[in-house]
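Peer 1: Sequence:
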Amino acid sequence: MIYERLKNKIVSQLSYFIGSGNTAFAVDPTRDIQQYLELAEKHGVNIKYIFETHRNEDFVIGSLELAKHTGAEIYHGDWPDWKYGNVAEDGKEFRVGTLKVTALATPGHTPGCRSYAVTDLETGKEPILVCTGDSLFIGDTGRTDFGGPENRVKWSTWLYESIHEKLLPLGDHVLICPAHGSGSVCGSKIANREDSTLGAEKLMNPWLQLSREEFVKQKTEEHHNYAPYFKKIEVYNLDGAPEYGLGPTVKALSPGEFERMLNIGAVVVDTRSPPSFASGYIKGSYNVSMSRLGMAGWVLPYNKPILLILGNLSELDETVTSLARIGYDNIVGYMKPSIVSWYLTARPIERLGTLTAPELKEKLDNEDWTVLDVRSIEEYESGHIERSINLYAGLLWDNLDKIPRDKPIALICKSGTRSGFGSSILLKHGLEKIYNVMGGMTSWNNAGYPSVK
Numbered sequence: 001m002i003y004e005r006l007k008n009k010i011v012s013q014l015s016y017f018i019g020s021g022n023t024a025f026a027v028d029p030t031r032d033i034q035q036y037l038e039l040a041e042k043h044g045v046n047i048k049y050i051f052e053t054h055r056n057e058d059f060v061i062g063s064l065e066l067a068k069h070t071g072a073e074i075y076h077g078d079w080p081d082w083k084y085g086n087v088a089e090d091g092k093e094f095r096v097g098t099l100k101v102t103a104l105a106t107p108g109h110t111p112g113c114r115s116y117a118v119t120d121l122e123t124g125k126e127p128i129l130v131c132t133g134d135s136l137f138i139g140d141t142g143r144t145d146f147g148g149p150e151n152r153v154k155w156s157t158w159l160y161e162s163i164h165e166k167l168l169p170l171g172d173h174v175l176i177c178p179a180h181g182s183g184s185v186c187g188s189k190i191a192n193r194e195d196s197t198l199g200a201e202k203l204m205n206p207w208l209q210l211s212r213e214e215f216v217k218q219k220t221e222e223h224h225n226y227a228p229y230f231k232k233i234e235v236y237n238l239d240g241a242p243e244y245g246l247g248p249t250v251k252a253l254s255p256g257e258f259e260r261m262l263n264i265g266a267v268v269v270d271t272r273s274p275p276s277f278a279s280g281y282i283k284g285s286y287n288v289s290m291s292r293l294g295m296a297g298w299v300l301p302y303n304k305p306i307l308l309i310l311g312n313l314s315e316l317d318e319t320v321t322s323l324a325r326i327g328y329d330n331i332v333g334y335m336k337p338s339i340v341s342w343y344l345t346a347r348p349i350e351r352l353g354t355l356t357a358p359e360l361k362e363k364l365d366n367e368d369w370t371v372l373d374v375r376s377i378e379e380y381e382s383g384h385i386e387r388s389i390n391l392y393a394g395l396l397w398d399n400l401d402k403i404p405r406d407k408p409i410a411l412i413c414k415s416g417t418r419s420g421f422g423s424s425i426l427l428k429h430g431l432e433k434i435y436n437v438m439g440g441m442t443s444w445n446n447a448g449y450p451s452v453k
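Quick note on my numbering: the sequence shown kicks off at 1 and runs consecutively.
Rather than coming from a laboratory, the hints here were simulated on the basis of the structure. There's no promise every hint is true.
[Claimed, not checked] Here are the simulated lysine-lysine pairs, DSSO-like style, with alpha carbons at most 30 angstroms apart:
#1 LYS363 <-> LYS304
#2 LYS231 <-> LYS402
#3 LYS68 <-> LYS125
#4 LYS453 <-> LYS189
#5 LYS363 <-> LYS453
#6 LYS231 <-> LYS453
#7 LYS336 <-> LYS251
#8 LYS402 <-> LYS283
#9 LYS402 <-> LYS414
#10 LYS166 <-> LYS125
#11 LYS407 <-> LYS363
#12 LYS232 <-> LYS9
#13 LYS428 <-> LYS232
#14 LYS363 <-> LYS217
#15 LYS154 <-> LYS83
#16 LYS125 <-> LYS9
#17 LYS363 <-> LYS336
#18 LYS231 <-> LYS217
Bear in mind the structure is a predicted one, so any value in this text is a computation, not a measurement.
Let the sequences and hints guide you as you build the complete structure.
Peer 2: Written as structure tokens, this is what we have:
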């Protein structure tokens, strides 16, 4: 049996390549399909099927392009009104070598969700793994808010039933293969573990300890942010995305060429670390660090050229591929070899103020400052600086009227990365006296400073 798990780090998404004999199938492939073609060549197999667990909202699916190159058949659920592929009816079976793949209708995250149970008939009649999509994660369950408030009770009830009536009866021994890992916006608290079984989840997943009534109640009260780029992805994944091919053509630009692109409306993404960005950046840039590239989807337009400032040129391919996975094919160039070229040609730079936790404590004790906590509401409620304001980093652009402008503003998150991103948003919108707290709440707590819940 062939089993490969592929990680799409930008949105903590997982896809799978599974096979037997001379055939294989892919589950929720990304649009940069070369990695699946290479796996097929490595294992000497043909890709026979492509299974989608649901209409994904947070990354562009690569099913159509992979099918074009391999002749594979695409299967998905019966919702929404897909423009491609076939419906995998509940209970439909597929053969891939000695493997039997059974489609299971597991609605809840969306009405058309499918899970795929895999049995190796060479070793027994019981399933050995199940691809659960966004229904069941390790330590968490899928969000149920995409249908709007009027559908949350119904969708949450469906999710409970799907887990308890379709997934858990497969057996405690069954390996779960979810569509997302820790850090994904498709769950609240997905565990930072890569492997689990249905039995382990029955014991440790907090959602599986709840009664139906409590599960539905907590699901309907769960808070999730909706990233603006989801709307674009939903259209791509319903109608079919533009062909990716070898990806965008990205040119190395001189400072002069870079500046000319800025003058016609290009948007700059600076992927350096927050301290490096703070020391000197091009006015109007977004600071989207490599570890948080997915945050770009909260602010970047699809209809303007995008320019890159990189901390290391070796990160170019990863950056371009990652952004293309969430639909950004409009990346046109990067500063060669780095922002140092900009400095050397005496072009203007801006600087962002920074504070350590002790410096922030001193400011709060002796001066009038605003602390803007840009973590999620769940993180904020677990412990925050007294009188701080909570606005999620990705939504700052839509909440500028809630931010006081009459005093200095210190942005804080867990470590300084999201607050660096948030700081760049505020600066781009003309706010002044902005400071990023290096080390964030981790540093604040390690210093023993007070926080409230």
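Peer 1: Now tell me if each hint is right for this structure.
Peer 2: Results of checking the hints against the structure:
{"no.": "1", "hint": "LYS363 <-> LYS304", "verdict": "40 angstroms, violated"}
{"no.": "2", "hint": "LYS231 <-> LYS402", "verdict": "25 angstroms, holds"}
{"no.": "3", "hint": "LYS68 <-> LYS125", "verdict": "33 angstroms, violated"}
{"no.": "4", "hint": "LYS453 <-> LYS189", "verdict": "18 angstroms, holds"}
{"no.": "5", "hint": "LYS363 <-> LYS453", "verdict": "22 angstroms, holds"}
{"no.": "6", "hint": "LYS231 <-> LYS453", "verdict": "34 angstroms, violated"}
{"no.": "7", "hint": "LYS336 <-> LYS251", "verdict": "9 angstroms, holds"}
{"no.": "8", "hint": "LYS402 <-> LYS283", "verdict": "23 angstroms, holds"}
{"no.": "9", "hint": "LYS402 <-> LYS414", "verdict": "22 angstroms, holds"}
{"no.": "10", "hint": "LYS166 <-> LYS125", "verdict": "17 angstroms, holds"}
{"no.": "11", "hint": "LYS407 <-> LYS363", "verdict": "12 angstroms, holds"}
{"no.": "12", "hint": "LYS232 <-> LYS9", "verdict": "19 angstroms, holds"}
{"no.": "13", "hint": "LYS428 <-> LYS232", "verdict": "23 angstroms, holds"}
{"no.": "14", "hint": "LYS363 <-> LYS217", "verdict": "42 angstroms, violated"}
{"no.": "15", "hint": "LYS154 <-> LYS83", "verdict": "26 angstroms, holds"}
{"no.": "16", "hint": "LYS125 <-> LYS9", "verdict": "35 angstroms, violated"}
{"no.": "17", "hint": "LYS363 <-> LYS336", "verdict": "39 angstroms, violated"}
{"no.": "18", "hint": "LYS231 <-> LYS217", "verdict": "27 angstroms, holds"}
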